[in-house]
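Enquirer: Quick note, the sequences are listed as chains C and R, same order.
For the first sequence, position 100 matches number 100 in the numbering used here, and the numbering has no gaps at all.
For the second sequence, position 58 matches number 58 in the numbering used here, and the numbering has no gaps at all.
Simulated from the structure, these hints should not be mistaken for laboratory data.
We treat Cβ as the ideally placed atom computed from N, Cα and C, and that holds for glycine.
To give an idea of the chain C side of the interface with chain R (calculated C-beta under 7 Å), a few residues:
id	residue
1	E183
2	Y184
3	A187
4	L191
5	G192
6	S194
7	A202
8	P205
9	N206
Here are the chains, one letter per residue:
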Amino acid sequence: MSKAALAMLDAAATNAKGRGSFERLRAPALALPGLFLALLVLISVITPLVLPDAPFQQHLSEALAGPSSAHPLGTDELGRDLLSRLILGTRISFEVGFGSTAVALAIGGLLGLWSGYSENPVGAVIMRLSDVLLAFPSILLAMLVVTVMRTDLPGVIVAVALVNIPVFVRLNRALMLSQRRLEYVEAAKALGGSTSYVILRAVLPNVLAPLAVQSALAIANAVLLEAGLSFLGLGVQPPTPSLGLELQEAAAYLRQDAWFGIFPGLLLILIVLALNKLADEGARWYGRTDLKVE
Amino acid sequence: MMSQRSDFDSELLRIEHLTVSFATSGGRRLVAIDDIELTLSRGSILGLVGESGCGKSVTARSILQLVKPPGRIGAASRIWLDGRDLTRLSPDELRRVRGPIAGMIFQEPSTAINPMYTVGNQISETIRAHERVSGRVARTRALELMSLVRIPAPNRRYDDFPHQMSGGMRQRVMIAIAIACHPKLLIADEPTTALDVTIQAQILELLTNLRSQLGMAILIITHDLGIVAGMADRVAIMYAGRIVEQGRTEEVLQDPKHPYTQGLLKSVPVLGMDRGARLPSIPGTVPNLIDLPPGCRFAPRCASAFEKCRIEEPRLIQLSDRGAACWLCELPTRPGTAVLG
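In isolation and in its complexed conformation, chain C is listed as follows (with noise of 0.2 Å):
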C-alpha cells in the first residue's frame, strides 16, 4: 500500500477523533488485511472481464516456464499464463467463500437466533441437529454433499455452507440469548413488537459485530474448504482455474517447476491470512468498545 493511502488513513483517523470508538482502532492493522483482500476482489473481478481467455489459452511450447515478462508468474502444465489463471482461480475462491457464508449466515443466523428467542421445542431440535452437522469433520460433509449434488460452483457453495450452517446458528443462538433479557427487547416486547420485529429489528443490529467477525472467519475456513475439495477433484471441474486446482496439478511437476506450485500456495496463504487478521483485528476492537450504552 502507498505511502499516501496510509497519510489519508491517518488523517481519516484523526478527524475521526470526536467519534470515540474509531480512534482507538489501529487503522492499519485493520485496513492493511481490508485493503489487499479489496484490492484482491477487485482485480478478482475486473481481470475475467477484460480479459476473458488468457485463462484458457494454451501455449505449449511455452509449458512450464518460470516467471518472464510475459508470463509474470509462469506458466502451467499447458503453457497457460499462471498469473490469469490464478486471478480467475481467486475469483472462485471468493465466490464461494462470500457466496456460502452469505448463505449460511443467512440460514444458520435465522434459525440460530429464532431459537434463541422463542421458547418453541422445535428450537431445541435444530440445536441437536446443528450439533450432529458440527461433530462431521468438515471436509467429510463438504465431500458427502458435492458428491450427492454436482461438481460445480452452486454445488461447492452448498457443500461449503452446509459446513458453516452449525457454526452460525451456535453463535447466533447464544448472541441472542445474551440480548433477550435485556431490557431494550423486552421494551420491544411490551410495546407490541412481533417476533419477527424484535429478531430482525431490534436484537440484530446489535449483534451485527460479533457476527461480522464470525463472517471473516467463515469466509477463510470456505477459501480453504474450497482449495481442499478442487484439490480432490470434488470443486470445479477444469479446464475451470481454482488455487486448490492449481496446487494439484503443480504437485506433480514441483521438482521441474517449483513457481507453479509456489504462487497458487502463497496467494492461498495471503489470503486466509488476511482474513483471519480482519477477523482478529475486528475482535479485538469491538472487545474494547463492545457497544457499550455509557
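With chain C held as given, fit chain R onto it using these hints.
Expert: Here is chain R on its own, set in the frame of chain C:
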C-alpha cells in the same frame, strides 16, 4: 368477587387471584406473587409500593404477560384489561394489546431504548407496528409526541441516537414510545429511579399532565412514598408477594392501618428533622419467599403482632373504600366490616 363500586364501567384493569411462581433449581416453587387483587379505574393513577423483591415489578410485567421464564402465572389468575382477559389471549392478540391498549415504560431508559436506532425512528416504528400509516405521517406524529413529552426542538432531536441524549431526555423518549399508540393504560415500572431528583420531578409532572391530556390510567411502580403522595389517586402497598394495604392515597398515608405501612411512613426522612436523630427503620428483613413464616408474613418484624398473627394469615380486610391485611383491623371499629378473599 363482588364490586361495591357503582361505576363498574369505569373500571379499566382488574387483577384477580394473580399468582406468579418461579421454579427454583432445587425443584421447589417460589411464589413471588401470592393471590393478589387489584383494580384500576379509567384515567386514574394507582401507585404500587413496596421494597425490593416484594413482587411489584413482577406484578407489572404479568399484566402484559411479560413474566420471564422460569416465572409462571398461575392458572387461576385473571387479568381483565378493558374488558378482555389477557391471560387467555393468543400471542398475536396480546401483541395487539401491547402498545394500543397498554404501554409500558421501564426503570432504566438507557437500556430500554435500542441503542442502534435514532429516537425518532423508534417512536415512528412503534406507530407503524400497529397502524398502517405512511412514513411521513408516522414522522409527523412522532414529532408531535416528542413535543408532547416536552423534548425541546423535536425536529433537531428526531435523528439523535439515544447515547446523544441525557437520561431525562431518554426517559421522555421512552414515554413517547410508550404512548405512541394512545394506550388506555400506562405501566410505569420505577420510571424515575435512574434519574436525579430535579429530573425526577419533571418526569412525574409530565406523567401527571399526560394523564389529564390523554385520559389514560397510570400504574406506577415505585418504592418511593413521596412519588405516590405526589401523584397517585390510590395506593397499594405490597409486602412479600401480597398486598397488605390499599386505599385512597391521602387516607392510607394519613391514617395507615397496617403496621408495615406505618413503619414505611415513619422511616421517611423529613426535611428539617434533627440531624442527630436516628431515622426509624423496620427491624429485621423481608422473609425468604421459599420459607415463609406461618401466619402473617410481617409478624416476625411487627411490633404489634399477637398470637393470632403467628398462626393464621390475615386476608385483605375491607374497610369501606380501603383495606388492610392485618388482624388489628378486624377489631371492629365500624359495623360494615367484611372479609374478602
